[in-house]
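Novice: Residue-level listing of the chains:
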Amino acid sequence: MTGPLRIERRLDTPKWLKVAVPLASLLLAAILAGILLASTGHNPISTYHQMYSAAVTAPGGLTSTFVYATPMLFTGLCAAFAFRMRTWNIGGEGQLYMGAVGAAAVGLCLGDWPRPLLIIAMILGGALSGTVWAAIPALLRAYLRTNEILTSLMLNYVAGFFMYYLIYDSTSYWRDLSSPGASVFPTGKTLGPNATWPGINIGSFTLPMGFVLGIGLAVGLLVLIQKTRYGFEMRVMGDSPNAANYSGIRTKRKIVSVMAISGGIAGIAGSSQIGDFGHVLDPRGLEQAQYGYTGIVVAALALYNPLAVVLVSLLIGGLTNAGFALEGPSFPTGLVGTMEGIILFTVLGGEILARYRIGIRRRAVPAASAAQLTTGGVAS
Amino acid sequence: MNSNIVLAVVVSAIAFGTPLVLAGLGELLAERSGVLNLGVEGMMLMGAVTAFFVSQKLHVATALALLLAVLASMVAGAAMAFIHAFLSITIRVNQIVSGLAITIFAGIIGLSSYLGQVWNIGGIAGRHSFNNVNLFGLKHLPILGPLIFDQDAFVYASWVLVIAVMYYLYRTRPGLYLRAVGENPAAADAMGINVIAYRYVHTLIGGALAGLGGAYFTLALAPFWTDGLTAGVGWIAIALVIFAFWRPDLLVLGAYLFGAFSALGPTLQTRHITVLPSEFYSALPFLMTVIALAAASTSWANRRIGTPASLGIPYTREEG
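Those sequence lines, one after another, are chains A and B.
Whatever position you read off the first sequence (first residue = 1), add 1178 for the numbering used here.
Whatever position you read off the second sequence (first residue = 1), add 1229 for the numbering used here.
Okay, chain A solo, but in the shape it has when bound:
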């Protein structure tokens, strides 16, 4: 390699580094974002303090953090599951939209069903819609080798415009055409009481049903990836596509099924948006929230581990919650995405660096001492 830095792979990473590096990365991210804040005339310490209280200690703060974390948990799992196999489903955003469209249709259509059955139907409706939407890039990827990053991403925009069409530009089944307010400003039909998902109340804190469902899903995915033949084949395909081919894994089917599951999970994020929170198909709200794209941040920070996705979704959910709560002239809203980006840079960079040992290149190390250095490296 050129340059003064000498980078070589560690044979194994010490346990303390696996904990210390992410923590140091988060700290570094906070410092970098603090420098940005200070340079634009904001006090970093008081800004961070405000954010912490908005996300955690303020009345209702923690509840709202979970409101933002719930969709991110699903879209995070959507991205983490597909990315684990290096199938880059960037379409969580659109799959969430389509899931919301599907779940809203089910909730409106079967409104008189008993509540538990209706909730299950809404989950399945959202999952199915997300799956169908993800199947388009999946089939193109599997059978034509079309770049799934770009096709899945393009379909996000298409799904967004489709949702706008349903509510703002047509007399569709989803649109409210009867109530007096709806003639002034177009809105979706509000779902009935049976379609409202129950939350778990602990004092003043409410845990959304969707979040519990998401934790269950995360555990299920972890077992699927770690303990089953299906997951083993996924990992082989992710780590070595050629080995997967030669060992007779049906790679095309695998791509389609992994993308389908991934899209289904994002679809459930849409179901949860309708059932847990909105109770109405709200294109503008869903689009501004950007939950699908944020899911990519969550998955990457969790290093594609489903259980870590649960924790990271709360971290980013809290950050987003603080961003919306503090929105105003003295708080730059763009700080949320900026901080997500900075955390990504430091955590991803740190994660790689933890796998390597870095030193300053020395000029012409004599052969004997070079050998000693190498043995020393192995022993530590």
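Please keep in mind that the hints were generated in silico from the structure rather than gathered at the bench.
Think of the CB as a built atom: it goes at the ideal place given N, C-alpha and C, for glycine as much as any other residue.
A couple of the hints might just be wrong.
Claimed, not checked - Simulated DEER-style distance windows between Cβ atoms: (1) Leu1489(A) - Tyr1399(B): 31 to 41 angstroms; (2) Leu1505(B) - Val1362(A): 23 to 33 angstroms; (3) Leu1489(A) - Ala1292(B): 30 to 40 angstroms; (4) Gly1541(B) - Arg1462(A): 28 to 38 angstroms; (5) Gln1466(A) - Val1504(B): 28 to 38 angstroms; (6) Met1420(B) - Gln1466(A): 46 to 56 angstroms; (7) Leu1205(A) - Arg1400(B): 49 to 59 angstroms; (8) Leu1489(A) - Phe1311(B): 48 to 58 angstroms; (9) Arg1500(B) - Val1362(A): 26 to 36 angstroms; (10) Arg1462(A) - Val1504(B): 18 to 28 angstroms; (11) Ile1209(A) - Arg1400(B): 40 to 50 angstroms; (12) Leu1210(A) - Val1362(B): 37 to 47 angstroms; (13) Tyr1385(B) - Gly1359(A): 48 to 58 angstroms; (14) Tyr1385(B) - Arg1323(A): 31 to 41 angstroms.
Mind docking chain B on chain A? Use the hints.
Specialist: Same frame as chain A, but now just chain B:
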């Protein structure tokens, strides 16, 4: 009437296609060196917001303000590209993840929005913008006049740039080296080409051109700033490089074709022609991108395709 509409669509296709040409050329150069840059959308937004800020806040002559705004947009884009280059070339973070991180960092809810707010430039009309130049006084020629001789300086510059990039790629030694780095970095390295330097330089140029593409929005197309105003153009630019088979000449044709898809809706709308819902026209460029990508991956196209063989793969010289 009908031919008028066609001409109007084609003329605005050039306007809508110009940011695609600029950002697409940048992505093409980066990918030719083996670096996939998925941060284009974020880099364009950074270019757009910086250019608008500079053009608003500098109290100098229009020409100078615009020139400095253009330069600032390129610096902003290149700065984002530097982060991507450092992460993906030096530290070897996965290029896909690194590029997505750039788009989130700089994008609609990120730094471009942050700067737009602290610079206080949202929702106001621009003070300076590029006007159309009546080239050689020929703008009243039928058809060719409005098409070729009545564009702004940006468009003319983009044409010069296309020719320059083609000359560079196919007729110069560094261009040859660049293609070698993208196809077989180990062989290029053995020849004495500095692979890392080539990748850094072309990733930075790519970022600068993406920033320039962003500046086209706020300095020429519609001089105002709002969060996320590029609305997916950066992503279409990345797709464009693929179905242009990494060739600048095809890239220009593709850019104007997709410019036409973008121009169709607004042109029909201003003439009150509503055949299909407006959302369909808005979705059209994205739908067509999916179709074009699928078509470019059929076996017929695969025989002609020119994917740089090392695209997306970090280069490490096997040592000791």
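Novice: Indicate, hint by hint, whether the structure satisfies it.
Specialist: Here is what the structure says about each hint:
1. Leu1489(A) - Tyr1399(B): 31 to 41 angstroms: violated, 51 angstroms
2. Leu1505(B) - Val1362(A): 23 to 33 angstroms: holds, 26 angstroms
3. Leu1489(A) - Ala1292(B): 30 to 40 angstroms: violated, 54 angstroms
4. Gly1541(B) - Arg1462(A): 28 to 38 angstroms: holds, 36 angstroms
5. Gln1466(A) - Val1504(B): 28 to 38 angstroms: Check passed, 30 angstroms falls within 28 to 38 angstroms.
6. Met1420(B) - Gln1466(A): 46 to 56 angstroms: With Cβ atoms ~51 angstroms apart, the hint holds.
7. Leu1205(A) - Arg1400(B): 49 to 59 angstroms: holds, 50 angstroms
8. Leu1489(A) - Phe1311(B): 48 to 58 angstroms: violated, 31 angstroms
9. Arg1500(B) - Val1362(A): 26 to 36 angstroms: Given range 26 to 36 angstroms: holds, Cβ gap about 28 angstroms.
10. Arg1462(A) - Val1504(B): 18 to 28 angstroms: At 25 angstroms between Cβs, range holds.
11. Ile1209(A) - Arg1400(B): 40 to 50 angstroms: holds, 48 angstroms
12. Leu1210(A) - Val1362(B): 37 to 47 angstroms: holds, 43 angstroms
13. Tyr1385(B) - Gly1359(A): 48 to 58 angstroms: holds, 51 angstroms
14. Tyr1385(B) - Arg1323(A): 31 to 41 angstroms: holds, 38 angstroms
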